[in-house]
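> Sequence:
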Amino acid sequence: MNGNPLYHWIVLAVSTALMLPMPVAILAGWTPPWMRKRQAGMRFRAYGILCIYALTLVNGIPRIADASFETIMVCMYVGLGFTAAAAVLFLLSARKDSGARTAGPVEPREG
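In this text, residue positions in the sequence shown follow the working numbering: the first is 1, and each later residue adds one.
Don't take each hint at face value.
What the hints assert, rightly or not - If you anchor each label on the Cβ, the simulated ranges turn out as follows:
1) Gln-39 to Met-19: 15 to 25 Å
2) Thr-83 to Tyr-7: 17 to 27 Å
3) Ile-64 to Met-22: 37 to 47 Å
4) Leu-6 to Leu-80: 24 to 34 Å
5) Leu-92 to Glu-70: 32 to 42 Å
6) Lys-37 to Ala-65: 38 to 48 Å
7) Gly-99 to Glu-70: 40 to 50 Å
It is worth saying that the hints were derived from the structure and are not from the lab. Positions of the beta carbon are idealized from the N, C-alpha and C atoms, including for glycine.
Input sequences plus hints: build the corresponding full structure.
Here is the structure:
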């Protein structure tokens with residue numbers, strides 16, 4: 001019913017390798033060079049990415065375990081909740097960035 005578990009293992013391995021290091025590094029205090037001007041909402045972005053990663057886990061693990069149809073449907077609804085939480089976190093990060101000043105180089109005062 002759930003297909004070949006190898007495909008789900010591959011998706012989990014790839015998503016772990018691509019999605020997990022960045023938010024963990026951001027939450028540890030590192031900021032990527034291309035996002036240094038928008039630092040106000042970085043923690044919200046990191047938590048949003050972790051919600052998307054949790055969506056991958058919640059949808060993949062029951063399929064690997066060959067769970068029942070009802071269990072997979074419940075996990076899909078939980079995953080929908082993670083998707084909504086990620087959307088809210090990304091919107092909050094954009095709102096926080098729009099209200100903050102950019103962290104660009106400071107020009108010296110004349111006078």
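> Could you tell me which of the numbered hints above are not met by this structure, giving the numbers in increasing order?
3
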